[in-house]
Amino acid sequence: MRVHEFIVASVTLFMGSGCLSINDPTSTNGVTQMRPDERGFVAGLGIESQDLVVVAEKMARGMLGVAPIAQAKGKPNIVLEPVVNKTRFNIDKEIFLTRIRVALNDKAQGRVNFLARQRIDALERERNLKQGGQVTGGGSAQANEFKGADFILTGTLESISSRGKAGASDYILYTFQLLDPRTSDIVWESFYEIKKQGRDDVTYQ
Amino acid sequence: MLLPLLAMAACLAPVAQRPPQQRQEPQVDLVAEGHLIIAAAPAKDKNLWGYQVALLAMKQGRYSEARELWDRHLPPAGALLKGGASAQRARSLFQPEEAKIFFGEPHERTLAWFYRGVLHWMDGEPDNARACFRTAQLLDQSDESARQGDWVLLDYLDGFLTARQGGDGSDKLRRARAHAPGGASPTLPDYDTSANVMVVLQLGFGPLKRAEGRQGETLKWSGGHSTAKAALVRSGRQTVRAPALDDVSFQAATRGARRMDALLAQKANVKQATDTVGDLGLVPGLILAQSEGTRAAGQGLLVAAVAGKSVGGSVQPRADTRTWNNLPQHLAFAALRLPPGRHRLSVDFLDGEGNALPARWRELEVDVKPRGDTVLFVADP
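So the protein lines, in turn, are chains E and L. Each step along the first sequence adds one to the number in the numbering used here, with nothing skipped, and position 129 is 129. Each step along the second sequence adds one to the number in the numbering used here, with nothing skipped, and position 291 is 291.
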């Protein structure tokens, strides 16, 4: 290669490499379908679907084995209270409760009954419409037909988080209690804990 | 005890001549324009525009749009910022730092989570709001330990929401007071856990980024300012003073060195060295190349000089100066007790001497919820 050709080639190469454009750095070649209990490749430090699945399954197994539930005469009525979030992660409480209820229902196979207290406003409205004769079914609707809870299931999420030069770490503790509202006894209690750590890319540190 | 204090506060409050409030309908729907800009922006800049438009929507009271924008552009609280191929490009010699996907500097990330928390609080999710404030504080990462996680309002609200839920918020209150302007002076009141109207305020204009250093490789901040240093929130006989608690310029400037700064410094050194090789080799090379006897050496020198200049010209050491440009300079907060129903609130903004700024006076109609907190967001300007 002659000297001037080398110069032109070098200049072109370097200038070209400096002017590469970025159209869509986030684009991916396709979508990967995963199981919800599988740890994805975009996993972070927070509460994720695989944690939710594991917690719900573990709780269902533990709770249904406890004597007041396993040996109950008839179907005990359970109210699921919204979980109390003390972590640094904002969560969708609805999906938490739904996943736990579904797991419990699946494992219980009709041995427990869940009360839809989170829909109490809509239920009361419907009952009032029936009683007022505005819709059919008023004759059978009594004022005190809503069932009382035999047990209340409560949950709390707590975390210890730290961040420094070495990276970030989050310890999350999920605790659940089954309470007897008549006696305030803690009938059953269990926990699930997980610790995650990682670090941002150097360009964001 | 509380009423005489409130009455006294009302008496001491400065009285301003208020101009009639101007109710000009905006000529252009800036939020709608913002959505178009986001759609057209390159992927690396979408988050920047998303943050800006989300805050604009909050300022205009378009909270559902703001919520949607935060959820789209703010990475989840536990996300590790990787940036994929764009981050690789930003690390390379021949691409500028701004090739990476924008997530903002720590003070920008912190404020994004602060605003998301305010929206959760508005939606009646105080524990999710507190979660966001905690994440916001955690993102205030710094190598200077004294400046780590020192946002005053974030600690104050964290403790306030904890106390409201029956917990012990005293530790957070102590931390907030320790970092509050004025040091030990009682800038921050004790928590009023019976308050039901929360006014979150932001004042002034936040700092802008600029590139300094020989090759623009050093990131600096400047330009943040606010004439208003406090606000007086009034409703009926109740007056609450909301002093500026956080200084965004201070937070931006005290975050410590970034690891990216070391990379940019290396890039700057390469650029400097190759430029020097180019400068030193070009003229002697040309002279030597004129003569038959020294032509080969001259041509070699010329090749090295041109290659050096080419590399130097292509190295990109410049710091990323993309700025979230509608941030405030200060954050403030006031909590009031009001019965459910419709109320009129007035907000006076005060300068550093405590004088009211009449042109800034604001009046708000507020519908206080029968249950839970009613959260207002007030921005000046």
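Keep in mind that a hint or two might mislead.
Calculated lysine-lysine pairs in the DSSO-like style (CA-CA distance at most 27 Å, straight line) [said to hold, decoys possible]:
| no. | chain 1 | residue 1 | chain 2 | residue 2 |
| --- | --- | --- | --- | --- |
| 1 | L | Lys220 | E | Lys93 |
| 2 | L | Lys220 | E | Lys86 |
| 3 | E | Lys58 | E | Lys86 |
| 4 | E | Lys130 | E | Lys165 |
| 5 | L | Lys220 | E | Lys165 |
Keep in mind the hints are simulated off the structure, nothing from the lab.
We went through each hint and held it up to the structure:
1. L:Lys220 with E:Lys93: Given that 27 Å is the threshold and the Cα spacing comes to 41 Å, the pair is violated.
2. L:Lys220 with E:Lys86: With Cα atoms ~36 Å apart, lysine 220 of chain L and lysine 86 of chain E exceed 27 Å; violated.
3. E:Lys58 with E:Lys86: With Cα atoms ~21 Å apart, lysine 58 of chain E and lysine 86 of chain E stay inside 27 Å; holds.
4. E:Lys130 with E:Lys165: Cα-Cα ~63 Å, so violated.
5. L:Lys220 with E:Lys165: Holds - the C-alpha atoms of lysine 165 of chain E and lysine 220 of chain L are around 21 Å apart, at most 27 Å.
Checked against the numbered hints above, the structure breaks hints 1, 2 and 4 and satisfies the rest.
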